[in-house]
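Under my numbering, think of the first position of the sequence shown as 1, with each following residue one higher.
Treat the hints as calculated values from the structure; they're not laboratory data.
Hints are not guaranteed to be accurate.
[Unchecked claim] Beta-carbon label-pair distances, calculated as ranges:
| no. | residue 1 | residue 2 | range |
| --- | --- | --- | --- |
| 1 | Pro26 | Lys53 | 38 to 44 Å |
| 2 | Lys30 | Ser50 | 36 to 42 Å |
| 3 | Pro27 | His47 | 27 to 33 Å |
| 4 | Met49 | Thr28 | 38 to 44 Å |
| 5 | Arg33 | Lys53 | 29 to 35 Å |
| 6 | Lys48 | Thr28 | 38 to 44 Å |
| 7 | Ile52 | Gly32 | 29 to 35 Å |
| 8 | Gly32 | Lys53 | 29 to 35 Å |
Computed from a prediction, not measured in an experiment: that's the story for all the values here.
In this text, a Cβ means the ideal position worked out from N, Cα and C, and glycines have one as well.
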Amino acid sequence: MGSAQGVGVIWDVSPVPLGSKESHDPPTVKLGRLLRAKSLHSIIIEHKMSEIKA
C-alpha cells in the first residue's frame with residue numbers, strides 16, 4: 001500500500017519539467033506544484049507514522 005502512494009508522489013511531480021509549457025509558467029505556479037508535492041509527501045509520512053503507532 002505504501003509503495004503505491006509513493007508512486008503517486010512521483011507522478012505528481014514528474015509533469016513539471018515539460019520544456020515549452022514549463023517556460024511559460026510563472027514562478028508561483030512552479031512553487032505551487034512543489035508545495036503541493038511536498039505537502040502530499042508529508043501527509044503520506046504522517047499516515048505511515050499513525051499506522052506505526054496504532
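Comparing the hints with the structure gives:
| no. | hint | verdict |
| --- | --- | --- |
| 1 | Pro26 x Lys53: 38 to 44 Å | 41 Å, holds |
| 2 | Lys30 x Ser50: 36 to 42 Å | 31 Å, violated |
| 3 | Pro27 x His47: 27 to 33 Å | 30 Å, holds |
| 4 | Met49 x Thr28: 38 to 44 Å | 31 Å, violated |
| 5 | Arg33 x Lys53: 29 to 35 Å | 31 Å, holds |
| 6 | Lys48 x Thr28: 38 to 44 Å | 30 Å, violated |
| 7 | Ile52 x Gly32: 29 to 35 Å | 31 Å, holds |
| 8 | Gly32 x Lys53: 29 to 35 Å | 31 Å, holds |
Going through the hint list in order, the structure does not satisfy hints 2, 4, 6.
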